[in-house]
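Chemist: Here is how the chains run, residue by residue.
2 protein chains.
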Amino acid sequence: MSFTHLECSRPCGAPALDPRTRHHLCRCGAPLFARYDLAALRSWTRESLRDREPTLWRYRELLPVFPGDTPISLGEGYTPLLHAPRLGAELGLSALFVKDESLNPTNSFKARGQSTAITRARALGATTVSVPTAGNAGCAMAAYAAAAGLDARVFMPRDVKRAFVEECTLLGASVELVDGLITDAGRIAAQRGAPLGWYDVSTLKEPYRLEGKKTMAFELAEQLGWRWPDVVIYPTGGGTGLIGMWKGFQELEDIGWVAPGQRPRMISVQADGCAPIVAAFADGRDTAAPVTDAHTIADGLRVPSAVGDFLMLRAIRDSGGTALSVSDEAMIDGMRRMGRLEGISAAPEGGATLAALDALVASGQVDRDELVVLFNTGGALKYLEVLSTSSVSE
Amino acid sequence: MSFTHLECSRPCGAPALDPRTRHHLCRCGAPLFARYDLAALRSWTRESLRDREPTLWRYRELLPVFPGDTPISLGEGYTPLLHAPRLGAELGLSALFVKDESLNPTNSFKARGQSTAITRARALGATTVSVPTAGNAGCAMAAYAAAAGLDARVFMPRDVKRAFVEECTLLGASVELVDGLITDAGRIAAQRGAPLGWYDVSTLKEPYRLEGKKTMAFELAEQLGWRWPDVVIYPTGGGTGLIGMWKGFQELEDIGWVAPGQRPRMISVQADGCAPIVAAFADGRDTAAPVTDAHTIADGLRVPSAVGDFLMLRAIRDSGGTALSVSDEAMIDGMRRMGRLEGISAAPEGGATLAALDALVASGQVDRDELVVLFNTGGALKYLEVLSTSSVSE
Numbered sequence: 001m002s003f004t005h006l007e008c009s010r011p012c013g014a015p016a017l018d019p020r021t022r023h024h025l026c027r028c029g030a031p032l033f034a035r036y037d038l039a040a041l042r043s044w045t046r047e048s049l050r051d052r053e054p055t056l057w058r059y060r061e062l063l064p065v066f067p068g069d070t071p072i073s074l075g076e077g078y079t080p081l082l083h084a085p086r087l088g089a090e091l092g093l094s095a096l097f098v099k100d101e102s103l104n105p106t107n108s109f110k111a112r113g114q115s116t117a118i119t120r121a122r123a124l125g126a127t128t129v130s131v132p133t134a135g136n137a138g139c140a141m142a143a144y145a146a147a148a149g150l151d152a153r154v155f156m157p158r159d160v161k162r163a164f165v166e167e168c169t170l171l172g173a174s175v176e177l178v179d180g181l182i183t184d185a186g187r188i189a190a191q192r193g194a195p196l197g198w199y200d201v202s203t204l205k206e207p208y209r210l211e212g213k214k215t216m217a218f219e220l221a222e223q224l225g226w227r228w229p230d231v232v233i234y235p236t237g238g239g240t241g242l243i244g245m246w247k248g249f250q251e252l253e254d255i256g257w258v259a260p261g262q263r264p265r266m267i268s269v270q271a272d273g274c275a276p277i278v279a280a281f282a283d284g285r286d287t288a289a290p291v292t293d294a295h296t297i298a299d300g301l302r303v304p305s306a307v308g309d310f311l312m313l314r315a316i317r318d319s320g321g322t323a324l325s326v327s328d329e330a331m332i333d334g335m336r337r338m339g340r341l342e343g344i345s346a347a348p349e350g351g352a353t354l355a356a357l358d359a360l361v362a363s364g365q366v367d368r369d370e371l372v373v374l375f376n377t378g379g380a381l382k383y384l385e386v387l388s389t390s391s392v393s394e
Numbered sequence: 001m002s003f004t005h006l007e008c009s010r011p012c013g014a015p016a017l018d019p020r021t022r023h024h025l026c027r028c029g030a031p032l033f034a035r036y037d038l039a040a041l042r043s044w045t046r047e048s049l050r051d052r053e054p055t056l057w058r059y060r061e062l063l064p065v066f067p068g069d070t071p072i073s074l075g076e077g078y079t080p081l082l083h084a085p086r087l088g089a090e091l092g093l094s095a096l097f098v099k100d101e102s103l104n105p106t107n108s109f110k111a112r113g114q115s116t117a118i119t120r121a122r123a124l125g126a127t128t129v130s131v132p133t134a135g136n137a138g139c140a141m142a143a144y145a146a147a148a149g150l151d152a153r154v155f156m157p158r159d160v161k162r163a164f165v166e167e168c169t170l171l172g173a174s175v176e177l178v179d180g181l182i183t184d185a186g187r188i189a190a191q192r193g194a195p196l197g198w199y200d201v202s203t204l205k206e207p208y209r210l211e212g213k214k215t216m217a218f219e220l221a222e223q224l225g226w227r228w229p230d231v232v233i234y235p236t237g238g239g240t241g242l243i244g245m246w247k248g249f250q251e252l253e254d255i256g257w258v259a260p261g262q263r264p265r266m267i268s269v270q271a272d273g274c275a276p277i278v279a280a281f282a283d284g285r286d287t288a289a290p291v292t293d294a295h296t297i298a299d300g301l302r303v304p305s306a307v308g309d310f311l312m313l314r315a316i317r318d319s320g321g322t323a324l325s326v327s328d329e330a331m332i333d334g335m336r337r338m339g340r341l342e343g344i345s346a347a348p349e350g351g352a353t354l355a356a357l358d359a360l361v362a363s364g365q366v367d368r369d370e371l372v373v374l375f376n377t378g379g380a381l382k383y384l385e386v387l388s389t390s391s392v393s394e
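Residue numbers (our numbering), protein chains in the order written: chain A, 1 to 394; chain B, 1 to 394.
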């Protein structure tokens, strides 16, 4: 195995940390990154993937496991990269794709991060894991904790959609509904768990969810024949996916699997009612100011402040990308068009990427011959209440 | 390509039919089976699968396509076969697995059959497709019709769970709610569609959904290293999955990929409130009498009479299997145990397989060292209303 150490993502100069003991944030407050012996991994061949299972664990040399560790897997990752010719035609694009993360366990991309995080949590001796969540991360954590035999404690805003609560409960988690937003849920989860030694898997407050998410970059490369797309349009709440993919690009380039210098432009999509990264990007700031009165139907985008804000902004800028927000109405329209034209079940966050693409095409920021990937981070099923169903005959 | 003709599944002796034109049932009323040049396929090697995508189309030599056909694919099939050690320990079984079909597009195994059926429908020139459905088949058809650019008309019982209606609508289908059960929906769909030339994809009333479903057998073999399990426990409404797997076993044996003589016992699970196959099996009959007053929370099992009844009964008997029914309460208990112990999101139909296994272990019909596969045919998300959520703290 090539997993070697943890280090500050900033980096602040703090010494490397031993991943065989528990670590959450760097002493400077920044997220920690898992690091690997990338020089040694230059002897790892793409050919070896031929005989591996179609889950994110096919890339295990670049995942945080040690000899003897057993991944907690429910079939996550290696989701389809679907060509979307009808949506493309509507927009005048010749190479539009949708990475359909709804085909993960618990119907969302959150399964990736929880598979790696819970694998590490168990290896580190945790018996109870906890998470503050806008919904899907809690469901995913509940599933992997169940599969690992760990107790799961999920903290959600009281007004979260009912399906999230019910799915978490079905998967054996204890759910606590709290007043406020995910940031408030995080505060209460930490208060409850700290004295009891719960392992906190809050976004970017432990180093391993990011490692699961970065495999989205690996899959893009493998599915496109070891090249990157031109444009990646990604809905960003906590931002682990975007930050993770940026880290994944670097790692695959460093081990020689993809030629450097051709990374995609990373487009961050947020909701009009909660767009801290969009504001910070527009103002040229390195960090984002917390949003007050955050509101959107896309629970995953209702994140008023993110511990990884500076990492998101860095990746967007380094890639030549941008950040923009869309309305809730445009997200729903995006969900409906993905469904009607391509048969893809999209969450509002997925619909948001299509709404953003509309704007980028209109403004000329995406060229018609570019290879564009929209990330549908989850399915519609937990969000059905946001849709009306006026076309049913009775 | 090796797809050659259609023939009666009975068989009644009718001549072979040309699959380049539309056919639904045999002139004798029995389902039609797609047939292949299996002798020629003995030169097809398992090795060829190494470089193929993880969908059911990896087995395209045994699927109903001709040169130039483009499969309509949304990433269906090649679902995980999950080891279930905690459930196994609870039951005293050493090798219990769950084939988790919830990781298909639209969250159920119905995606398999619709991928192949809609691929053929489009190749045959259909512009409108229709289906009577208890829920999931309609959602899956809607998705594949959208991806194929076809109009979709879905006919459902009026009392179906709301999530099915909403998902179908999101995926662009026109939904008509009808009084009665799936059999009534089928009658009305046929009345509406016949004069208009709609392509009817009712269960087993066209030959191609079965072909998608049979790939579950192929995947079992590939995922178990080219052997069959000892026992397959499968929830049967229309029965396409069970009949399809039995056909798939034969085909893989005929091309030499799996040794003959070791097929699993096929266990059909139905609901106490709708168990026509269980009754016919117990009485030693070759066909099933229609159930009156069919009722169960498992919409997919609320099928009072099935055109493929004789094929189900034949497969169950030939395999040395059995048929049994379980209560709605036992299904819900099964859903909760799959969730809590293994992190698997199960539909009531999936929960029913676990409830059946409880009974089979208790009666000694399954041995503790047998390799048992439960089929979780779909996820819990469209069924959340059947669960209470009493464990949430407020």
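It is possible that part of the hints are untrue.
[Said to hold, decoys possible] Here chain A is said to cover these stretches of chain B; the calculated rule only asks that three of the stretch's residues, wherever they fall, bring their Cβ under 8 Å from a Cβ of chain A:
id, region
1, 32-38
2, 43-54
3, 163-174
4, 340-351
5, 380-386
For the record, the hints were derived by calculation from the structure and aren't laboratory data. Model, not experiment: these values are computed from the prediction. Each residue gets a CB set at the ideal place from its N, CA and C atoms; glycine is no exception.
Chemist: Next step is simple, just say for each hint if it's right about the structure.
Modeler: Outcome of the hint check:
1. 32-38: violated (count 0)
2. 43-54: Holds, because 3 residues of the region 43-54 of chain B bring their Cβ atoms closer than 8 Å to Cβ atoms of chain A.
3. 163-174: holds (count 9)
4. 340-351: holds (count 6)
5. 380-386: holds (count 4)
Hint compliance for this structure: hint 1 alone is broken.
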